[in-house]
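Chemist: Residue numbers (our numbering), protein chains in the order written: chain E, 685 to 924; chain L, 685 to 924; chain H, 685 to 924; chain U, 685 to 924; chain D, 685 to 924; chain G, 685 to 924.
Just so you know, the hints here were simulated from the structure itself, not pulled from any lab data. Wrong hints could be hidden among the right ones.
Same chains, same label: a pair holds when it works inside one copy or across any pair of copies.
[To be verified] In silico DMTMM-like cross-links for lysine to aspartate or glutamate, where the CA-CA straight-line distance does not exceed 25 Å:
1. Lys910 / Glu892
2. Lys711 / Asp749
3. Lys755 / Asp914
4. Lys920 / Glu875
5. Lys711 / Glu752
6. Lys763 / Glu892
7. Lys755 / Glu909
8. Lys910 / Asp756
9. Lys920 / Asp749
10. Lys711 / Glu692
11. Lys763 / Asp914
12. Lys755 / Glu879
13. Lys711 / Asp888
14. Lys910 / Asp781
15. Lys910 / Glu766
16. Lys920 / Glu909
17. Lys711 / Asp781
18. Lys711 / Asp849
19. Lys910 / Glu879
20. Lys763 / Asp840
21. Lys711 / Asp756
22. Lys763 / Asp842
23. Lys763 / Glu692
24. Lys755 / Glu892
25. Lys755 / Asp862
26. Lys711 / Asp747
27. Lys755 / Glu916
Model, not experiment: these values are computed from the prediction.
6 protein chains.
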Amino acid sequence: MSQTLTPENREKLRHVSTATLTTALFKRGLRNTFMQGPRRIDAGGPAMVGEAYTMRYIPAREDLDRLEAFKDPAHPQRKGIESCPPGHVFVIDSRGDPRAASAGSILVARLMRRGAAGIVTDGGFRDTPGIAALGIPAYHARPAAPTNLIRHHAVDLDVPIGCGDVAVYPRDILVGDDEGVVVIPAAIANEVAAEAHEMTAFEDFVMERVQAGQTIVGLYPPTQEKTVQDFEAWRKRNGR
Amino acid sequence: MSQTLTPENREKLRHVSTATLTTALFKRGLRNTFMQGPRRIDAGGPAMVGEAYTMRYIPAREDLDRLEAFKDPAHPQRKGIESCPPGHVFVIDSRGDPRAASAGSILVARLMRRGAAGIVTDGGFRDTPGIAALGIPAYHARPAAPTNLIRHHAVDLDVPIGCGDVAVYPRDILVGDDEGVVVIPAAIANEVAAEAHEMTAFEDFVMERVQAGQTIVGLYPPTQEKTVQDFEAWRKRNGR
Amino acid sequence: MSQTLTPENREKLRHVSTATLTTALFKRGLRNTFMQGPRRIDAGGPAMVGEAYTMRYIPAREDLDRLEAFKDPAHPQRKGIESCPPGHVFVIDSRGDPRAASAGSILVARLMRRGAAGIVTDGGFRDTPGIAALGIPAYHARPAAPTNLIRHHAVDLDVPIGCGDVAVYPRDILVGDDEGVVVIPAAIANEVAAEAHEMTAFEDFVMERVQAGQTIVGLYPPTQEKTVQDFEAWRKRNGR
Amino acid sequence: MSQTLTPENREKLRHVSTATLTTALFKRGLRNTFMQGPRRIDAGGPAMVGEAYTMRYIPAREDLDRLEAFKDPAHPQRKGIESCPPGHVFVIDSRGDPRAASAGSILVARLMRRGAAGIVTDGGFRDTPGIAALGIPAYHARPAAPTNLIRHHAVDLDVPIGCGDVAVYPRDILVGDDEGVVVIPAAIANEVAAEAHEMTAFEDFVMERVQAGQTIVGLYPPTQEKTVQDFEAWRKRNGR
Amino acid sequence: MSQTLTPENREKLRHVSTATLTTALFKRGLRNTFMQGPRRIDAGGPAMVGEAYTMRYIPAREDLDRLEAFKDPAHPQRKGIESCPPGHVFVIDSRGDPRAASAGSILVARLMRRGAAGIVTDGGFRDTPGIAALGIPAYHARPAAPTNLIRHHAVDLDVPIGCGDVAVYPRDILVGDDEGVVVIPAAIANEVAAEAHEMTAFEDFVMERVQAGQTIVGLYPPTQEKTVQDFEAWRKRNGR
Amino acid sequence: MSQTLTPENREKLRHVSTATLTTALFKRGLRNTFMQGPRRIDAGGPAMVGEAYTMRYIPAREDLDRLEAFKDPAHPQRKGIESCPPGHVFVIDSRGDPRAASAGSILVARLMRRGAAGIVTDGGFRDTPGIAALGIPAYHARPAAPTNLIRHHAVDLDVPIGCGDVAVYPRDILVGDDEGVVVIPAAIANEVAAEAHEMTAFEDFVMERVQAGQTIVGLYPPTQEKTVQDFEAWRKRNGR
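Chain E on its own, in the form it takes in the complex (with noise of 0.2 Å):
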């Protein structure tokens, strides 16, 4: 059953790691959540936090897959870039394959013109310094500068995909920071959002302690009761 993400939540994704959100969602049985392989273009920017709306490629055919394609407004790429819902991340199932382009930096300058929260392939983009220079947050899994159709055929738009060997459904939430990105089904995003901003003040305070010197031995994990004191108090002091 899907939810709506509140926007209290939403916000508190952007400073969580992926990281954190892996565990929180590995305490609810879900251990195959994180992307192999998809990395950031632009290391080092914002967050990304957004719904899913997805976007399918299966193998290219030669007869099928001219430039002419393009030409067709109904093309799904092209269709889907203009259909995908402001603060939603494209993600593209592309089979892992970056032989071929997902996508360049015409598309993905449009996508975030009309409000897109970021783009997301387990292939390749083209255009990379392009697409890194725009801001947007993008993830795949290296450079592919030859044109989508020399390998890929677009077929559907928002249906459930794999992309980097993990399910995602439609409206699922995805969180990317400079380590990859994690999917979180829509059902649990609220109750996952908010555990992981508490974890996170733990891991903060956990972290100041042992750059203090402290043993993680009854640290980390919190085994001995004065480590809940403390933490208690540190987040009094720092307003966490």
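Following the hints, position chains L, H, U, D and G against chain E.
Modeler: Frame of chain E; chains L, H, U, D and G shown alone:
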């Protein structure tokens, strides 16, 4: 534009090799028609010829892909087995992942009983000794004992897919021999069948000559006029 | 907590498939129990059932791994072959590297003579035609003629290892058939054997019905009451 | 039939992207022109443009590939560095193997001093921090500290090779940017350079419009007459 | 320095295993002599022994690699088949790529008719059922139905190549059994053949003892004086 | 036989490259000393030099590898972090699997605070932006957000392991620069450090000459007597 494969051409396809077919397709500009990976479980069996009926898997998610899922008669894997038309080949997009099964011997037996022409996955099957004994053409990458739920979630039936890095559209013609599986676009299946049939006659003639000690120069390809004449004579003599 | 596998359950494990066992383990939350890669050299032989006795390889180093190393009776590979208890399976962590042999026919023959139940590596064996002729279950990734010294250095006996991307603890129960090898944690081997034995009876019943033309809907899984009744009658009739 | 690249077209190639070039080549039926794997060490540097001068490696053999081999001035790696013509790109077929170096900073510095336009391997380089500091375009798969002798044996100079799964014939034109390297057959390099130059003007125009908020429908590709007119006006305005 | 393999040693090589040969070569410091990947199509056939005659493929290019190319009698693949000397092994560097065929049954039949000792590729063959029926040793990675033109361009004959990640120089001696193919440098082929013949006698003796129940300690390797004496007696008794 | 690395040689190792070290090791017959895969997170930082302190992972098992496992202070990962001696490098055998983390920023911070010289895995780290900011040399294959429990089970401390396909024995000397990590056997670390120091002086001299326009013939390697003399003069002039 799709066409119906004539019974005559269907029969011809049973007697040509996938190697010959890929050359006939290459003449038409189609270079990527042979599935990479899938190999035959029941080596030595009769050729597989039939229309594609497809199923698509995405990665599994632990909360959705539990054993209980199979109790739903609308589960695409179960529904697909009961819906694949007679004479068709059940083709499965498993994202090339053989770490869990695409199907097992009970479903394959049911599929066979319902008249399917074969089953193909770019993942793996379980109960492969049982499948080999059934006598239905079956192609996979390697044995995969774990149930599909561990890695795969069946999501679609009868949509365009990729299998073995080749595009497969519903109703394309699949032909399999001991080397593997070739995909023929529906619209050209009749002409390709007819041409491959002719090519096979010539290849048989050439092989006979080579076995008799003739050089391939001028013979294969037939750049000498004498080769063309000899072949015509051979066809008459052999009723080909 | 470890348990001894009863003779009765050991016998049951000889007559269930690895596919059935992975499902019984999946019901208990264990998803990663089937070795990825190792396949049987002597296809068609009897099932392999036995406790794990392990050996661990690390990469070779030229100054340590010379032919002279084998003269030392404490060399772990040689010592392991002479120490593996009867009824056990010799399992080798070769880091999935088949570029040099994990063992050859002479050592496997000695192991067999000493009463081992089988041998498994996620690398490769040498002298595989000779191993196939011995009649002991043997699983590997592919033939590897070069001596182990070229790539592997035997370092440990009877410690927890990984093999085919699955954890293997000493005394776990390994079961192998023509599909591959499954690892059953020692503590649950008896209950899993018993359950898989029951499941196999049901699967045999289902296969008989499917071969007779029955749909899988309501039958597999048995969502119809009638299936349950038919199965009970079948068991009585067939003494299962 | 080979042609000389005109100075004007050589300059044009410095200002077009590998993405644009692969599309110009795709229009001519060439689908496999972008090297898979090699990426730039000195990201952000100027474009690489030059004729291919090739070297071929085969696997090393311990008795032939000793450090003494380099004392021979006819050793192909050393001879190649001293023979590569100015303005050319030294392209190395390393069989895609980055486990040992294709070359190191001293040889690359010498190559640069002799006027080469760049260096490319589908293996790896050693001394990569030093190479990055030199200021010559250099492409490889990943750093590889070990000397080439450990894995590679230089055998040929200036012969057709494969690099990054693309055919490279001596005198083909190689163009590299921050995405990677494209290979242009010598016979069509002038026409491809001219066409890519034109395409780049249109792409720049499109990007400007997209950034200004225009939809891609009708614009990219230019299916509306107005787009064609707008582009003509833009060219005049911008002197393109 | 090359030597001619004596008829006596050629015969000896027919009766030793690739495993034994890799150890004899390892004693001489050669660690990388067994081809990784190629396996025998016609398992169980006689050993393959012969001098290397090589062919080199680079990646195909669409404008050069058309079906018409085969009409040229100088096409290296066709010319090579007609030039490979009797008793030699035709060895093909396919860059480890089995996505298109290295050769098919007609060419292999011609090669056999001309007296070749075998054919090896690190790619794949097409018409493999036909090749298996011919009775000539043939090694490849896996079946590959598509014509070579789709991926491969034949460029050189009788030059040093890599095959299965091993260096192959023209006139090296190739030996193949059911495990795979080993490459023996021409200059040491006679001494390696003689030594492997001796080693095989000892291994047969050891296997007999192991089958009779003797421990490997002191026996293999023969660290006990008694083993040496027993072996001498065994040789006399068995005429080895 | 192990030796202590002298402070002088430890300092020398901080100023030689991994490339130079692999050549010094190759001279001693050691060909496999550079880790394949691990690359530096904090590129541009100071060299890493230290003794190996190792940890070994095997694949995870769901019933054992739960979050509660970390509460046990004897858990090898937690215990290892608190036990690694100052000046040592924590080296992790993750079986080359970066699908889950080998460690995260809190543990790495604690390790750094305790005086470790660096951390290396052939898997991946989580919290990599945080690790990069710490200032401790850290090498991995790629970012891996999921907690180690999802794929890895820590089982051993301070035993011989493989990492990046190289053998690592406790107390071996690890040296890391921006190219990667080399492993020096403890027994030869002092002599290798001294020799690499000398080699580096010569390489610096050669690079200066090459930058000044000198050919590499006769210079590198120094086959001309004049090169030897020039180098001696250069050393005096530059106090090397």
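Chemist: At most 25 Å between alpha carbons: which applies to Lys711 and Glu692, within, between, both or neither?
Modeler: The answer is within: 22 Å in one copy meets 25 Å, while 38 Å across copies does not.
Chemist: With identical chains treated as interchangeable, where does the CA-CA distance between Lys763 and Glu692 reach 25 Å or less: within a copy, between copies, both, or neither?
Modeler: neither (31 Å within a copy, 39 Å between copies)
Chemist: For Lys711 vs Asp749, is the C-alpha pair at or below 25 Å within one copy, between two copies, both, or neither?
Modeler: between (44 Å within a copy, 12 Å between copies)
Chemist: Checking an output row: Lys920 and Glu909, CA cutoff 25 Å. Within, between, both or neither?
Modeler: within (17 Å within a copy, 61 Å between copies)
Chemist: How would you classify Lys910 and Asp781 at a CA-CA limit of 25 Å: within, between, both, or neither?
Modeler: Neither. Shortest intra-copy (51 Å) and inter-copy (37 Å) distances fail the 25 Å Cα cut-off.
Chemist: Tell me, please, which holds for Lys755 and Glu916 at an alpha-carbon limit of 25 Å: within, between, both or neither?
Modeler: between (61 Å within a copy, 20 Å between copies)
Chemist: Evaluate Lys711 and Asp888 at a C-alpha cut-off of 25 Å and name the case that applies: within, between, both or neither.
Modeler: Only inside one copy: Lys711 and Asp888 sit 20 Å apart there, 38 Å across copies, limit 25 Å.
Chemist: Is it within, between, both, or neither for Lys711 and Glu752, if the alpha carbons may be no more than 25 Å apart?
Modeler: So Lys711 and Glu752 pass the 25 Å test across copies only (11 Å; inside, 49 Å).
Chemist: Measure nothing new, just compare the shortest in-copy and cross-copy C-alpha distances for Lys711 and Asp781 to 25 Å and report within, between, both or neither.
Modeler: Close across copies (22 Å), not inside one copy (32 Å); limit 25 Å.
Chemist: My question is about Lys920 and Glu875: at a cut-off of 25 Å on alpha-carbon distance, are they close within one copy, between copies, both, or neither?
Modeler: Within one copy, since 23 Å is at most 25 Å while 52 Å is not.
Chemist: For Lys755 and Asp914, with the copy left unspecified, which applies at a CA distance of at most 25 Å: within, between, both, or neither?
Modeler: between (64 Å within a copy, 18 Å between copies)
Chemist: Checking Lys711 and Asp747: alpha-carbon separation at most 25 Å within a copy, between copies, both or neither?
Modeler: between (48 Å within a copy, 12 Å between copies)
The structure does not agree with the numbered hints 9, 14, 23, 25 stated previously, though it agrees with the rest.
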